[in-house]
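Protein chains in written order, with the numbering used here: chain W, 1 to 326; chain F, 1 to 333.
What the hints contain is simulated information worked out from the structure, not anything from laboratory work. Please note that the accuracy of each hint is not assured.
Short, incomplete list of chain F residues facing chain W, as computed with Cβ under 7 Å [said to hold, decoys possible]:
id	residue
1	A116
2	R122
3	G131
4	L132
5	L133
6	E137
7	L141
8	G142
9	Q146
10	G148
11	E149
12	F151
13	L155
14	A158
15	R161
Beta carbons are placed, not taken as given, at the ideal position from N, Cα and C, and that holds for glycine.
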Amino acid sequence: MDWLQIFSNSLSSILSPATIGYALAALGLAVHFGYAGLLNMGIAGFMAIGAYGYAISSLSFGFPWWLAILVGLGASAIFALILGVPTLRLRGDYLAIVTIAAAEVVRLLFLTTAFDEYTGSADGLSGYQGSFRDANPIPDGIYGFGPWMYTANEWWVRIMGLVTLAIAVLVVWMLMRSPWGRVLKGIREDEDAVRALGKNAFAYKMQALVLGGVLAAAGGIVYALDRAASPGVYVTSLTFFVWTALLLGGAATVFGPLLGSLIFWVLQTFLSNFLPALVQAGVLPFMSQIQAGTLRFILVGVALMLLVIFMPQGILGNKKELTFVK
Amino acid sequence: MSSEFPAPDEPTTAMPASPVERPKSTGLHVGDAKPGVAKIDPIIVVDGVRRTFGGLTAVDVEHLEIPRGVITALIGPNGAGKTTLFNLLTGFDKPNEGSWTFDGTSISGVPAYKVARMGQVRTFQLTKALGLLTVVENMKLGAKGQRGERFWSSLIPAAWRKQDDEIEERAMKLLAKFKLDAKSNDFAASLSGGQRKLLEMARALMSQPKLVMLDEPMAGVNPALTQSLLDHILDLKDEGMTVLFVEHDMHMVRHIADWVVVMAEGRVVAEGDPYSVMQDPAVIDAYLGAHQELDLGVVTGRYAPEGAEAAPDAEVQEKLLAAGIAELEEEEK
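The following block holds chain F by itself, in its conformation from the complex:
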């Protein structure tokens, strides 16, 4: 991975009239594309991770591998456990049981800040721009290994001034790329919602991560900005980073994802490339709609399919309600 994010030599990316379709990565898995399929080169391997909130099992993943160097989308209905899985993988939450590795080293139970230092950074569903810091200060906060961030050496400007200038230079380059350079000295609180999303993503990139985890990067972003955000995510892949993102917008998933993992009721119910996954009847049932044929419980294997017709509507609604509560709890955390 290059340490700099070079200004793109094609200035055309500034305002693409129509997005250029970039080739998808293929041949990522071994054997049939079923839930928990082994990958050729996984960056994250999850084993038997389970997290319950009271009586509700929010996440119950038997086995999951995230392929390296490509863009993986994590989709699923509200309350499927996507954000909870994100929180678990990044050390912001602790599972009841299970283990997982990042880049070959076990990071189960490792605190969030150490996970981030290992090169796995995340963004949040509800954007966390540090409102009363300026945009450029937000960016500089993202850089790793700063000498001036240690208590005693921070008192000696000579020890960190040079490094700080380098970081600022890098921050300004990235801000220029994300079209935020004109705002660099404004408080982040003055940015629009979409600009905060951009800032949060740019700030995450300041740490030069190996894996970028984006929790709903497109939520609340207008269509024009969506296009440039998509391009930024595709650029990450070109620069050798791995991307894992949660998203509800199917067009976006189809457009940029190389691999799609579908979750429902805490489990991985399907995996595959975006086109075949969206043909999968289980996915259509669990997420894309048309659940008149099958109940969510059937998709996740908790009910027998023949009960589907007899299943009273009240029961379906109860499950949806439970799922909704789980989602709310997740957001409150």
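Chain W on its own, in the form it takes in the complex:
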């Protein structure tokens, strides 16, 4: 068993665009669920809209990379508004039902052949990196040390992703310690009580839905920045992976989503290397290497259940502040 390779791969995933993308999406979900109490089960839809908004406006309309990113973020804000107007007046559970359906609608719209010219249907979109790479100020070459050896383009994606994440964390952190965040937490606890104190609960929930949606779209863009936008990525299981990352770190915290995504991806990468290696070494004689690779998704599901039951507050959360049992 090549332990060095396994650990090198695992550590390398700390800086992967997937980790940064998940962290951004989980931060958006923290705004939705952890602070505003909005049960959004369609985070994959927001990520898809961000990624496709970026890819389509780059490829079909030839927008420069920064404008294409703004289009992706703007599209997700509009998606949040459309979703929020009919559902935010309903009780929380209904938002969960509507968002899970809406995310599927979005994915199927990108998958259908009807818009093949723009979306690439099942093949997805790729080759939109030109404008972004042209803006790269780093000279060609390979930089870094240990497990973190990347090309100039790979560094460019990671640096921009980390800058976005830093700004997002700062904004959410400032919002949640302001009176605005106080109102939001009040709505999470009891919407009627907050309305009785003269706050427009609907407007606050809408603002939270849009903010979280834009953050999730930013996550989707970072995730797709260096590779391709494919409808197979934005499936419901992506939503649950982001939920797992969020709950692992702590839903009602600012740094929890970061830590959760980090642990999630390091563990995922470790298991995807380690489990097949175990089979190869003959430790798991009852399964094939491919089966062993899929085993990790089963473990994610088990982990999500155990988290919700035994550690609902997550690693960084205050046990008193967020529990599922009132």
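Got chain W; can you put chain F on it based on the hints?
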């Protein structure tokens, strides 16, 4: 109305050995004290408000005026429509028909948060302490017109820091008055039921209201705390606020209310000062007991009195059942 709630200069209010009887306000109405009587200076005027749940008419008030600057009690049996009327007046529910004004402006159909901003705050029968916010955060949430509650300006601490400090100072003063200051940094979920009632009332006062509407402020509160809650309600009146409260405890109603409105089966069946209202045979029948003489239906004028003796018990029970269901529906809402 003063913007601050000054620490009482008489520290004796901290633990009153025996409550000092405060003078009642009188001369509030024009003409005979009958249901719907006009008031000298009404703060709320209700006209023809009707709310039905399916076939059941929960509230059907032809005319009602709530006098300004005094304490009005709203009493009545379970299912009389008191909480439904509260919900309607505060914008938490919409009536089938009818209109009402607050302080001279029509607020029919105005959403709850706008009603609250106009100076009419309420508490809930089932206390709504925001459990996973601290006590002081609960209080600060009550303050109106906070700059930091707007999305963009909340990102600039300099824009709201000073105002927030002022609000916190005011919150701590009020908490001290309600004897909750030692708990200010605890989660509200850790408070006892009675303390949550106190917190909810104190939080409502943070918005500096003109009218405070308390839905069963004494339910589940122990006798020692009841006394201090009563004093707090009387203090509100002294500070120039109007109080409207729903209560079942007749001693409390007699003790603090200046005016009593009695509801039964959705209608106002009697009005008057606490002493004369409690002598009213209709009130005794509808609420205080002794309904062997008259059916509720007779009190509200739906039956002729002579049918009372013949009215079979089953019918009375059916009505009580219907009333009970209405109450349950109200609570579930």
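Here is how each hint holds up against the structure:
no.	hint	result
1	A116	4 Å, holds
2	R122	5 Å, holds
3	G131	6 Å, holds
4	L132	5 Å, holds
5	L133	6 Å, holds
6	E137	6 Å, holds
7	L141	5 Å, holds
8	G142	5 Å, holds
9	Q146	5 Å, holds
10	G148	3 Å, holds
11	E149	5 Å, holds
12	F151	5 Å, holds
13	L155	5 Å, holds
14	A158	11 Å, violated
15	R161	10 Å, violated
Of the numbered hints listed earlier, those contradicted by the structure are 14 and 15.
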